[in-house]
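Hey, can you work out the whole structure from these sequences and the hints?
Protein chains: 2
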Amino acid sequence: MPTQLSETAFPVDQDGGSACPDLALLRQAAVFRDLDDRLLTRISAVSTVVILGENAPICRQGEPADRFYLLISGQVALSNTAPNGTSAVVEVIPPGGHFMLPTVLARLPLLMNANTVAESRLIAIDATALLNLLQTESALATALLRAEAMDFRAMVRQVCDLKLRTTAQRLGCYLLELSKDRAVNTASMRLPFDKRLLAARLGCRQENLSRAFAALRSLGVETHGSRVILHDIARLRDYSEPDDFTDVECA
Amino acid sequence: MPTQLSETAFPVDQDGGSACPDLALLRQAAVFRDLDDRLLTRISAVSTVVILGENAPICRQGEPADRFYLLISGQVALSNTAPNGTSAVVEVIPPGGHFMLPTVLARLPLLMNANTVAESRLIAIDATALLNLLQTESALATALLRAEAMDFRAMVRQVCDLKLRTTAQRLGCYLLELSKDRAVNTASMRLPFDKRLLAARLGCRQENLSRAFAALRSLGVETHGSRVILHDIARLRDYSEPDDFTDVECA
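As you go down the protein sequences, you meet chains A and B in turn.
For what it's worth, my numbering labels the leading residue of the first sequence as 1, then goes sequentially.
For what it's worth, my numbering labels the leading residue of the second sequence as 252, then goes sequentially.
The set of hints was computed from the structure by calculation and includes no laboratory data.
Ideal Cβ positions, reconstructed from N, Cα and C, are used throughout, including at glycine.
Treat the hints with care, since some could be wrong.
[What the hints assert, rightly or not] Covered stretches of chain A, going by a simulated chain B footprint (3 or more residues, C-beta under 8 Å):
#1 82-93
#2 98-106
#3 148-161
[To be verified] Pairwise CB distance ranges (calculated):
#4 A:Ile229 / B:Ala270: 43 to 51 Å
#5 A:Arg211 / B:Asn335: 21 to 29 Å
#6 A:Arg227 / B:Gly304: 28 to 36 Å
#7 A:Pro57 / B:Thr292: 22 to 30 Å
#8 B:Arg311 / A:Glu177: 18 to 26 Å
#9 A:Arg205 / B:His482: 30 to 38 Å
#10 B:Asn436 / A:Leu131: 39 to 47 Å
[Claimed, not checked] Here are some of the chain B residues that sit facing chain A, going by a computed Cβ distance under 10 Å:
#11 Ala339
#12 Val355
#13 Leu359
#14 Ser389
#15 Ala405
#16 Asp412
#17 Leu413
#18 Arg416
#19 Thr417
#20 Cys455
Below, the structure written as C-alpha cells:
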C-alpha cells in the first residue's frame, strides 16, 4: 500500500539522516539553485524530506495549500478532477521541479491533486513559514516570483499547444523536448512515464496517442515499448512546429 | 489607423485630465480594489491612462515586459504567435482585468501579444517603479501574488477545459460563465466579441464553433447574431459540466 502523507507524521528520510534537507539537496530544485547558504539554511529549517512509493497521494484539490513541494527524484502528476469525476492530467513534474507554488503564495485552496507516478523523494516546505521568510528575504521573493512566472508560462504554452496543434504535433513537440541535444539529428530516449499517462498529459485518448505515434512513424519516429528513437529530428521539428519561447531574463 | 503605444509618448486621457489615473479609476481594476488611498496614490504616480482605438497593438511577444496593464473599459486579446505564423488567442481580458503580471514580476520577455479588440481605456504601470514599490509595500506584494495566482489558475482551468471537454461543452461553459445570475434558469446576453475571436479563444475553427452552436440548440441555446438566449440553464449545465473551482481565500 502506498505511503500517505498525514498532517502529523511525515515519513523520515530513509537514508537515516535528519528529516530536514541539506543544502545540496535543496539546490537540486531549480527554483533554489542560486540562493546562498545562509538563506537555504533558513529554508531547510522549515522543510522536511519525504519519500513516497509509487502512486501515492501527496495532496488533494480543495485542501488548504499548506506546503510548497520540491521534487528531488521520481515523478509527480498534477491533475484536476471535474465534478463528474473525470480527471485531466495538467502536468507531470520531473526531478528538479516544484509544484503548488502559486496556490501557496496566494493562500488559496489547492486547485490540483498531486500523486507520485514513481517512487519519489520530495521536500515539503511549510507554507506559513515560507510566507514569513518572504517578508524579510528579498532574494527568496525574487526566486519565487520568477518560479511562479515560469509556472504561468508553462500553462500558457500548454494552452497554445492545445489550441494550435494536432495530437501528433503535440506528441512530436513532447518528444523533441525530451531530446535535449539539439546539435545532432538523431536521438534515442526512454519515455519517462507510461503511455496512459502520456495520453492524459497530452490531452488525448490512448487510442489517439497510438494513432499519433503511427503518424509520426513516417517522420522517422521509431518506438519499442517505452523506448523511442528519433531518426530525423529536423523533419520532426518541421512537422511539429515547436515553440521557440525565450525564457531568458531581461536586463 | 489605430494609435500605437510608443516608448516615448503615451496618448493622454481624452477627457483632458491628468495622464495619471485617479484612485477611483485604479480601484476599477479587481487587483487593486482593496488597497488603501495612500498606496494607490503611490501607484498612481507611476501610472499613465492610455486610450486606444479598436485593433490597436499594445505590446508584442519577445519585447521586455516594461509595463503592467489594467483594463478599465473595452477589451484586450492576448495571443501567442508560433514560429510558422499561426496565432493562438490565449485569453480575452474583460474590463476590470489586468495582463502581463507574471512576466513583469519575473522580468522576462513578453510571452504574448496584446491588442485591443474594442476601443479601450487602460492604465499602464511602469514595471521598474512597480517592482520598487513592492520592496516596501507588503499590501501590494500580497495583492500581486494573489493576482498572479489567479492568472495561473485561469490558465490551469483552460488546460483542463481543453483536455476534458468537446468544443460544444467548452462553448456551453463559456455561455454559462457569461450568465451571472445563477438563481434563474434562463438568461439573455450579448456575446462580448465576435464569433471569429470566440472560436480562437475556445481553440477551434470557426466552422466548428458554428457546429457547436448548432449542437447546443437542442439544449435550449438560441442565437441571433451576437445575442444569445439560454432557455434552460440547468440542462446546459448538465451537458457542459462546468468546473466548480473554489477561489475563496483560506484563513
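Going down the list of hints, with the structure as the test:
no.	hint	result
1	82-93	holds (count 7)
2	98-106	holds (count 4)
3	148-161	holds (count 11)
4	A:Ile229 / B:Ala270: 43 to 51 Å	violated (60 Å)
5	A:Arg211 / B:Asn335: 21 to 29 Å	holds (23 Å)
6	A:Arg227 / B:Gly304: 28 to 36 Å	violated (56 Å)
7	A:Pro57 / B:Thr292: 22 to 30 Å	violated (48 Å)
8	B:Arg311 / A:Glu177: 18 to 26 Å	holds (25 Å)
9	A:Arg205 / B:His482: 30 to 38 Å	holds (33 Å)
10	B:Asn436 / A:Leu131: 39 to 47 Å	holds (43 Å)
11	Ala339	holds (4 Å)
12	Val355	holds (9 Å)
13	Leu359	holds (6 Å)
14	Ser389	holds (7 Å)
15	Ala405	holds (9 Å)
16	Asp412	holds (8 Å)
17	Leu413	holds (4 Å)
18	Arg416	holds (9 Å)
19	Thr417	violated (12 Å)
20	Cys455	holds (8 Å)
Taken one by one, the earlier hints fail for this structure at numbers 4, 6, 7 and 19, listed in ascending order.
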